[in-house]
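These are the residues of each chain, in order.
There are 2 protein chains.
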Amino acid sequence: MELISVLHMKGGIGDSSYASNSLVGNKVISMTRPIIEEAVSNLCRNATIPEKLCIADLGCASGPNAFLAVLGIMKAVDKIRKQGGFQSPEFQVYLNDLPGNDFNTLFRDLPQFQESMKEQLGLDFGPCFFTGVPGSFYCRLFLSKTLHFVHSSYCLQWLSQVPQLEEVNKGNIYIATTSPPSVISAYHQQFQKDFTAFLQCRSEEMVKGGRMVLTILGRKSDDPTSKECCHIWELLSMALTDMVSQGLIEEKRLDEFNIPHYNPSPGEVKQVVENEGSFSIDRLDASQVNWDVYENDGAYNITKCIRSVAESLLANQFGHAVMDKLFQRYLEIIADTISKETTQFFSVIVTVTKSALRLQEVAHFGILNHQQSANVESSSSGVKNLLSEFNDADEDLNEKDHIDDYILDPDNQVYENVLSDGEGDEEAAHRGEYLSDDEADKEPQLPGTTNINFSI
Amino acid sequence: MELISVLHMKGGIGDSSYASNSLVGNKVISMTRPIIEEAVSNLCRNATIPEKLCIADLGCASGPNAFLAVLGIMKAVDKIRKQGGFQSPEFQVYLNDLPGNDFNTLFRDLPQFQESMKEQLGLDFGPCFFTGVPGSFYCRLFLSKTLHFVHSSYCLQWLSQVPQLEEVNKGNIYIATTSPPSVISAYHQQFQKDFTAFLQCRSEEMVKGGRMVLTILGRKSDDPTSKECCHIWELLSMALTDMVSQGLIEEKRLDEFNIPHYNPSPGEVKQVVENEGSFSIDRLDASQVNWDVYENDGAYNITKCIRSVAESLLANQFGHAVMDKLFQRYLEIIADTISKETTQFFSVIVTVTKSALRLQEVAHFGILNHQQSANVESSSSGVKNLLSEFNDADEDLNEKDHIDDYILDPDNQVYENVLSDGEGDEEAAHRGEYLSDDEADKEPQLPGTTNINFSI
Numbered sequence: 338m339e340l341i342s343v344l345h346m347k348g349g350i351g352d353s354s355y356a357s358n359s360l361v362g363n364k365v366i367s368m369t370r371p372i373i374e375e376a377v378s379n380l381c382r383n384a385t386i387p388e389k390l391c392i393a394d395l396g397c398a399s400g401p402n403a404f405l406a407v408l409g410i411m412k413a414v415d416k417i418r419k420q421g422g423f424q425s426p427e428f429q430v431y432l433n434d435l436p437g438n439d440f441n442t443l444f445r446d447l448p449q450f451q452e453s454m455k456e457q458l459g460l461d462f463g464p465c466f467f468t469g470v471p472g473s474f475y476c477r478l479f480l481s482k483t484l485h486f487v488h489s490s491y492c493l494q495w496l497s498q499v500p501q502l503e504e505v506n507k508g509n510i511y512i513a514t515t516s517p518p519s520v521i522s523a524y525h526q527q528f529q530k531d532f533t534a535f536l537q538c539r540s541e542e543m544v545k546g547g548r549m550v551l552t553i554l555g556r557k558s559d560d561p562t563s564k565e566c567c568h569i570w571e572l573l574s575m576a577l578t579d580m581v582s583q584g585l586i587e588e589k590r591l592d593e594f595n596i597p598h599y600n601p602s603p604g605e606v607k608q609v610v611e612n613e614g615s616f617s618i619d620r621l622d623a624s625q626v627n628w629d630v631y632e633n634d635g636a637y638n639i640t641k642c643i644r645s646v647a648e649s650l651l652a653n654q655f656g657h658a659v660m661d662k663l664f665q666r667y668l669e670i671i672a673d674t675i676s677k678e679t680t681q682f683f684s685v686i687v688t689v690t691k692s693a694l695r696l697q698e699v700a701h702f703g704i705l706n707h708q709q710s711a712n713v714e715s716s717s718s719g720v721k722n723l724l725s726e727f728n729d730a731d732e733d734l735n736e737k738d739h740i741d742d743y744i745l746d747p748d749n750q751v752y753e754n755v756l757s758d759g760e761g762d763e764e765a766a767h768r769g770e771y772l773s774d775d776e777a778d779k780e781p782q783l784p785g786t787t788n789i790n791f792s793i
Numbered sequence: 338m339e340l341i342s343v344l345h346m347k348g349g350i351g352d353s354s355y356a357s358n359s360l361v362g363n364k365v366i367s368m369t370r371p372i373i374e375e376a377v378s379n380l381c382r383n384a385t386i387p388e389k390l391c392i393a394d395l396g397c398a399s400g401p402n403a404f405l406a407v408l409g410i411m412k413a414v415d416k417i418r419k420q421g422g423f424q425s426p427e428f429q430v431y432l433n434d435l436p437g438n439d440f441n442t443l444f445r446d447l448p449q450f451q452e453s454m455k456e457q458l459g460l461d462f463g464p465c466f467f468t469g470v471p472g473s474f475y476c477r478l479f480l481s482k483t484l485h486f487v488h489s490s491y492c493l494q495w496l497s498q499v500p501q502l503e504e505v506n507k508g509n510i511y512i513a514t515t516s517p518p519s520v521i522s523a524y525h526q527q528f529q530k531d532f533t534a535f536l537q538c539r540s541e542e543m544v545k546g547g548r549m550v551l552t553i554l555g556r557k558s559d560d561p562t563s564k565e566c567c568h569i570w571e572l573l574s575m576a577l578t579d580m581v582s583q584g585l586i587e588e589k590r591l592d593e594f595n596i597p598h599y600n601p602s603p604g605e606v607k608q609v610v611e612n613e614g615s616f617s618i619d620r621l622d623a624s625q626v627n628w629d630v631y632e633n634d635g636a637y638n639i640t641k642c643i644r645s646v647a648e649s650l651l652a653n654q655f656g657h658a659v660m661d662k663l664f665q666r667y668l669e670i671i672a673d674t675i676s677k678e679t680t681q682f683f684s685v686i687v688t689v690t691k692s693a694l695r696l697q698e699v700a701h702f703g704i705l706n707h708q709q710s711a712n713v714e715s716s717s718s719g720v721k722n723l724l725s726e727f728n729d730a731d732e733d734l735n736e737k738d739h740i741d742d743y744i745l746d747p748d749n750q751v752y753e754n755v756l757s758d759g760e761g762d763e764e765a766a767h768r769g770e771y772l773s774d775d776e777a778d779k780e781p782q783l784p785g786t787t788n789i790n791f792s793i
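Each protein sequence line maps, in turn, to chains A and B. For the first sequence, the residue numbers in our numbering are 338 to 793. For the second sequence, the residue numbers in our numbering are 338 to 793.
In isolation and in its complexed conformation, chain A is listed as follows (with noise of 0.2 angstroms):
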């Protein structure tokens, strides 16, 4: 299967499209919203502000969700700017997806989120340019040495493909406790490699000290079977199982199918990202929320939204005619298990510099000049003025939300740290409003959410 043909987020505006089922991902972007500011704060606090500031959203997939976290970046910038007193710097703007992601409709909301954009930060702002850059970001996408910011939410755990597998993931369509220990080796190293081909390609197209944040649909347990991240599609592997027996899919079908989808821990994603060399790690957070985002049809909108994002994959290998009936059969199974138990997703969410040279790099020629060792230690103590920087920040925010106090790794030491919920009102984006600060401020903080920064 070439997957870059194959999966994409449900198209169009419709009931089942992914642009009306994103509230999770909707969500996840407003908690990440302090964790953008902070970064945008470095960027522009480090160097002046660019005249052209060029930001990238990888896997913009369409719909509301498409232009928030954009929004996001371009409020803290122009923030900054106006402290300052100096012009705003022209933004480009590249919305990344596969090409058999939905521009149509992504192109379609532009001009309304334009004029909304004007109305809120005013005639002085900008020019801001849009591109939509259809691709997969495992590869290059953009001209060397021309990025300040990345952002990306809720992709990196797609896969560019589904592992090689030496064995059949018998029963599984993902990870699971019953998977053969070759195949959570083999979706772990896949996952190992795609990341670092995805660091390496941005490594290229970021200049010095650009900054990424990208959130990470993972899990907080080291045990890549855990159900925290595995329930989800285990519960669609039952549903699937129970068409087999009912013999509307074949099984030799099903024994093929696997998603190409991993959930990194914290500890993997940093792993990766130290080994792999080009940036430095300012922040490593993680935060989970409930399936149930509204509680409210949880059972509904959680099966409409993994409808949307995973019909194109399940369609390509069982056929469409067989999806309605599948996805009223996972539905039945959801709705089982929320009334029984608490259900969560779990986000990893790092922020990373880039680095003057790789540390590979560094270590190869043994030499620095003073320019490029002051950028690598400016770099490598990132984390303490962050600290420091991050405190003051949280003087704002303590009495709005509550945390998670649990150890996730042995090895981090775990510092207490909370994140508002930044957009406020998901329904609000939903319609296609997008929210001034002052909106925002006054909206009421989103259950079901807590937060947890740890040490590096």
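Take these hints with a grain of salt, some might be off.
Note that the list lumps identical chains together, so a pair holds whenever it fits in one copy or between two copies.
Stated by the list, open to error - Here are the simulated DMTMM-like pairs of lysine to aspartate or glutamate, each with C-alpha atoms no more than 25 angstroms apart in a straight line:
no. : residue 1 : residue 2
1   : 482       : 461
2   : 545       : 427
3   : 530       : 452
4   : 677       : 560
5   : 482       : 541
6   : 455       : 541
7   : 482       : 427
8   : 419       : 388
9   : 677       : 592
10  : 416       : 559
11  : 677       : 593
12  : 662       : 587
13  : 389       : 427
14  : 507       : 587
15  : 507       : 461
16  : 482       : 388
17  : 545       : 388
18  : 507       : 559
Everything labelled a hint here was simulated from the structure, so no lab data went into it.
Here the structure of chain A is known, so what remains is to put chain B in place on it, guided by the hints.
Coordinates of chain B only, in the frame set by chain A:
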């Protein structure tokens, strides 16, 4: 009517799509190939080839034509860099059209095009990054001073809006001999205003010395009511009038309707470029191509072509329900017309170079430093250099082509010039194949075309 949200070529790849009905556009781009090659050659000769070369195709639509001009530009750059023994630049390609364009089809065709490009140009070519840019080219679309080469074919005859008319253009949908003088004047003024805005925007976006090749569906005569440009719309107006007499369309709706289209003469194009002042004209060419491009199924093909181009506007005014009947009547009228007379589209092709300063700025500041002075000189003397270069380049082409030697403008001395049709096999391009130079050279010359070049 908000034109930007209504006008678009018919999307998809079906029988009625623009992708399947763009033979004229295809032929015109092919004919322009030597002009594009020459402009690329001048761009790369006066300076070293930039490490990052940014190309924009404005009004790309979708289908095979969307990549044809860009391919020609990249091939021309690659030829020069190979001759000079340079490394390939990185290419950034911007494919622009209105937000209603079918970018999904465009992007889904991209992987196949990239494969073909790799085969033809080799692995040491590029890398080459493609982006889609939704928006009107009468506004800013790109960052300041980033574009090296701009191409647009058969788009600039579309105005940004229907001109504000003081009188009803009774019985017509475009300029006609029976149009009131105020209507003709309003159309001309709208063209001047729009084309000026286009040049101002590109002037901000292009680097000094950047080249632009613009092919506009125009006319040869000084008379804007000349049949050579108005005929195709007069026949559509006849079909619409028939629909009114059959009670299928309200007369009032027809009276209100005018096409936002203007076919300029070479002299009018020249005048706007000179008045705007940011660009110097290197060449001003004209060519003509039969309505019946392949002298086969002419009426059917031209009707489908115009339908794929104008249906979005017509359906918006008269409703989708009457479109089939309207175009059936139009087909009958076209068939009758081309059986009795030779009917041709006329193109104006202008090649310009971005000057160091706008001529008005030179006059205003009254001083030029050495560098600026050198650049302005080189721009204004570009034509002289180009003529001698072009005569050399002609040697390979003379045997293949033919010319018309009529004088288009009493003030312009016409010299003989011939153009080959570049990519050659439009049918292959319509199958989604992209010919190599060797293959293209084997193709027979296209029938029904003539070309002339104006001294300027």
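Here is how each hint holds up against the structure:
no.: 1; hint: 482 with 461; result: between (27 angstroms within a copy, 20 angstroms between copies)
no.: 2; hint: 545 with 427; result: both (19 angstroms within a copy, 19 angstroms between copies)
no.: 3; hint: 530 with 452; result: between (41 angstroms within a copy, 24 angstroms between copies)
no.: 4; hint: 677 with 560; result: within (23 angstroms within a copy, 80 angstroms between copies)
no.: 5; hint: 482 with 541; result: both (6 angstroms within a copy, 22 angstroms between copies)
no.: 6; hint: 455 with 541; result: between (33 angstroms within a copy, 21 angstroms between copies)
no.: 7; hint: 482 with 427; result: both (17 angstroms within a copy, 11 angstroms between copies)
no.: 8; hint: 419 with 388; result: within (14 angstroms within a copy, 34 angstroms between copies)
no.: 9; hint: 677 with 592; result: neither (29 angstroms within a copy, 67 angstroms between copies)
no.: 10; hint: 416 with 559; result: neither (39 angstroms within a copy, 54 angstroms between copies)
no.: 11; hint: 677 with 593; result: neither (31 angstroms within a copy, 64 angstroms between copies)
no.: 12; hint: 662 with 587; result: within (15 angstroms within a copy, 48 angstroms between copies)
no.: 13; hint: 389 with 427; result: both (5 angstroms within a copy, 19 angstroms between copies)
no.: 14; hint: 507 with 587; result: within (13 angstroms within a copy, 67 angstroms between copies)
no.: 15; hint: 507 with 461; result: neither (60 angstroms within a copy, 44 angstroms between copies)
no.: 16; hint: 482 with 388; result: both (15 angstroms within a copy, 12 angstroms between copies)
no.: 17; hint: 545 with 388; result: both (16 angstroms within a copy, 18 angstroms between copies)
no.: 18; hint: 507 with 559; result: within (23 angstroms within a copy, 77 angstroms between copies)
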